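Working from the sequences, and respecting the hints, build out all of it.
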Amino acid sequence: MKAIYFNTGGTTDVLQHGEVESLSQCGDKQVLIRIKAAGINPIDCKIRTAPQRFPVTFPVIPGCDGAGIVESVGTQVKNFQPGDEVYFSQPGFNNRQGTYAEYVLVDASLLALKPRSLSFEQAAAAPLVFITAWEALHDRARLTKGQTVLIHAGAGGVGHAAIQLAKLAGAKVITTVSSEEKAHFVQQLGADYIINYRTHNVTAEVLQWTDGNGVDIAFDTVGPEVLQSCFGCVKPYGDVVTILQPSPETDWSEARKRNVRFSLELMLSPVLLELEEAKRYQGEILRQCAALFDENKLTVKIARTFALADAAAAQQYLEQNQPAGKIILAL
Numbered sequence: 001m002k003a004i005y006f007n008t009g010g011t012t013d014v015l016q017h018g019e020v021e022s023l024s025q026c027g028d029k030q031v032l033i034r035i036k037a038a039g040i041n042p043i044d045c046k047i048r049t050a051p052q053r054f055p056v057t058f059p060v061i062p063g064c065d066g067a068g069i070v071e072s073v074g075t076q077v078k079n080f081q082p083g084d085e086v087y088f089s090q091p092g093f094n095n096r097q098g099t100y101a102e103y104v105l106v107d108a109s110l111l112a113l114k115p116r117s118l119s120f121e122q123a124a125a126a127p128l129v130f131i132t133a134w135e136a137l138h139d140r141a142r143l144t145k146g147q148t149v150l151i152h153a154g155a156g157g158v159g160h161a162a163i164q165l166a167k168l169a170g171a172k173v174i175t176t177v178s179s180e181e182k183a184h185f186v187q188q189l190g191a192d193y194i195i196n197y198r199t200h201n202v203t204a205e206v207l208q209w210t211d212g213n214g215v216d217i218a219f220d221t222v223g224p225e226v227l228q229s230c231f232g233c234v235k236p237y238g239d240v241v242t243i244l245q246p247s248p249e250t251d252w253s254e255a256r257k258r259n260v261r262f263s264l265e266l267m268l269s270p271v272l273l274e275l276e277e278a279k280r281y282q283g284e285i286l287r288q289c290a291a292l293f294d295e296n297k298l299t300v301k302i303a304r305t306f307a308l309a310d311a312a313a314a315q316q317y318l319e320q321n322q323p324a325g326k327i328i329l330a331l
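With the UniProt record's numbering applied, the sequence shown closes on residue 331, and no number is skipped along the way.
A portion of the hints provided could be inaccurate.
Taking lysine-lysine pairs in the DSSO-like style, the calculated list, with each CA pair at most 27 Å apart, reads [stated by the list, open to error]:
(1) Lys36 with Lys46
(2) Lys257 with Lys235
(3) Lys145 with Lys172
(4) Lys167 with Lys301
(5) Lys145 with Lys257
(6) Lys145 with Lys297
(7) Lys78 with Lys29
(8) Lys167 with Lys297
(9) Lys172 with Lys78
(10) Lys36 with Lys279
(11) Lys78 with Lys279
(12) Lys235 with Lys172
(13) Lys279 with Lys167
(14) Lys36 with Lys2
(15) Lys297 with Lys36
(16) Lys29 with Lys279
(17) Lys2 with Lys46
(18) Lys301 with Lys46
(19) Lys145 with Lys235
(20) Lys257 with Lys279
(21) Lys301 with Lys279
(22) Lys172 with Lys301
(23) Lys46 with Lys279
(24) Lys2 with Lys29
(25) Lys301 with Lys36
(26) Lys145 with Lys301
If you're looking for bench data, these hints aren't it; they were derived computationally from the structure.
This structure is a prediction, so every number in the text was calculated from the model and none was measured.
See the structure below:
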C-alpha cells in the first residue's frame, strides 16, 4: 500500500512517499479501514521531530485522525461491518501505525460512524480536536451553563472546536486571535468577546469584560507563556486547563493564591496507556459529535487540502502558517 513514512526524526525532509508492506489480518478487536482522508495535527509534527519521545515503531507512518470505509473486522467486533463509513483518532503508538496511508488497523472502541452530513475530508478534520476540546471542557474543567470561558487561539483546530462546544453548553466565550480574518471566523462560531493578542493586553481585556472578576475557566491551547497568563485571567477557585506541557519556569504563585484547580488534557492517553474504557469513551464522544454535526449544531473548518504525496508540504504549511481550521490529506 502507499503511505507516508519516515525512518529517522527531523524536518519534513525525512518524510517519504512510497510503497510499504500491506497490513496483516485484523486483530480480534480491530477494524481494517480504507482511508479516504487523514487529518494533520501538531502532534504529527512533534512525533516526526522527536520520535524517540514516543512509543512508535520504525518505519513510522504518521497521523492520528482518519475517515474512511470499513474493509474487514475482527472476530470480536460486533458493531461495525464492511462498508460502514467511519471516523476516528488513533495515534500510531504501541505497534500501531498512523493514518497517512491507504489502509490502517484501528481499535474498534475508538471508532464511530461518520457524520452523514460531512464529507470524508471534513470528518477526518474533526476527531482529535473535538475529543480534546470535549475532554478539556466537560471532563477536566466540568463546564456548566452560564459560566464564562477564555479559549486561547480560538481559530485553531482545538480552539474552534472548543468555542462551539462551550456555546452549546450555554457558556459565554472570550477568545484570542491574531488577525481580523480569524476574528471574523470565531465571531461566526459564536464567540462573545474577541481579543487580538497582537494589539491588546489579553489579561487586561479579560478582566475589563468580566468586571474585574475573571473567567470561570481558562483553556490554554498554545503553551507556557499563555498558560502563565491564564492564572491572572481566572477567578478565584476557577479552572485552568492546558493541552501542553507546562514549563519548569512556570510561576504557580498566582494560581496558588487564587486556589485554582489546574488540569492537564492529553487525548492520546487512552492509546498511550492502553486504557480500554477510556478508548470507548472517546468513541462515544465521536458518536455524540456525529449527531451534533448532523443536526447542524457543530461545524469543522478545513483550511487547506493536500494530496497524500504532498504530506511534507502539508506539515510544513501547518508549522509555518498556523491557519484557521485544519489541514487535510485527501486520498
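Evaluation of the provided hints:
1. At roughly 24 Å between alpha-carbon atoms, Lys36 and Lys46 fall within 27 Å of each other, so this suggested pair holds.
2. This hinted pair checks out: Lys257 and Lys235 have alpha carbons roughly 11 Å apart, not beyond 27 Å.
3. Taking the CA atoms of Lys145 and Lys172, the gap is near 9 Å; set against the 27 Å cutoff, the hint holds.
4. At most 27 Å may separate the alpha-carbon atoms for a hinted pair to count; Lys167 and Lys301 meet this at roughly 17 Å.
5. A threshold of 27 Å between alpha carbons decides the hint, and for Lys145 with Lys257 the separation of about 26 Å falls inside it, so the pair holds.
6. For the suggested pair Lys145 and Lys297, the alpha carbons sit about 17 Å apart, so the restraint of at most 27 Å is met.
7. Our distance criterion of 27 Å between C-alpha atoms is met by Lys78 and Lys29, whose separation comes to about 9 Å.
8. Using a Cα cut-off of 27 Å, the hinted pair Lys167 and Lys297 holds, with the two alpha carbons roughly 10 Å apart.
9. Distance check on the hinted pair: Lys172 and Lys78 sit about 41 Å apart at the alpha-carbon level, beyond 27 Å; violated.
10. Distance restraint check for Lys36 and Lys279: the Cα-Cα separation of roughly 22 Å lies within the 27 Å cut-off, and the hinted pair is therefore satisfied.
11. Using a Cα cut-off of 27 Å, the hinted pair Lys78 and Lys279 holds, with the two alpha carbons roughly 16 Å apart.
12. Pair hint Lys235 plus Lys172 holds up; C-alpha atoms about 15 Å apart against a cutoff of 27 Å.
13. Between Lys279 and Lys167, the direct Cα distance comes to roughly 26 Å. Compliance with the 27 Å bound is thereby established for this hinted pair.
14. Note on Lys36 and Lys2: the hinted pairing holds, with a Cα-Cα distance of about 13 Å set against a maximum of 27 Å.
15. The suggested pairing of Lys297 with Lys36 holds, with an alpha-carbon distance near 24 Å, which does not exceed 27 Å.
16. As the CA atoms of Lys29 and Lys279 are separated by approximately 12 Å, the hinted pair is consistent with the 27 Å bound.
17. Proximity of Lys2 to Lys46 is assessed by CA-CA distance (about 23 Å); at most 27 Å being required, the pair is judged to hold.
18. The straight-line distance between the Cα atoms of Lys301 and Lys46 is roughly 22 Å, inside the 27 Å bound, and the hint therefore holds.
19. In summary, the hint linking Lys145 to Lys235 is supported, as the alpha carbons are separated by about 17 Å, within the 27 Å threshold.
20. Between Lys257 and Lys279 the alpha-carbon distance is near 36 Å, which puts this suggested pair outside the 27 Å criterion.
21. A threshold of 27 Å between alpha carbons decides the hint, and for Lys301 with Lys279 the separation of about 25 Å falls inside it, so the pair holds.
22. Proposed proximity of Lys172 and Lys301 is supported: the alpha carbons are some 21 Å apart, at most 27 Å.
23. Using a Cα cut-off of 27 Å, the hinted pair Lys46 and Lys279 holds, with the two alpha carbons roughly 22 Å apart.
24. Proposed proximity of Lys2 and Lys29 is supported: the alpha carbons are some 24 Å apart, at most 27 Å.
25. With a C-alpha separation of about 18 Å, the suggested pair Lys301 and Lys36 falls inside the 27 Å cut-off, and the hint holds.
26. Annotation: proposed proximity of Lys145 to Lys301 holds, straight-line Cα distance about 25 Å (limit 27 Å).
Going through the hint list in order, the structure does not satisfy hints 9 and 20.
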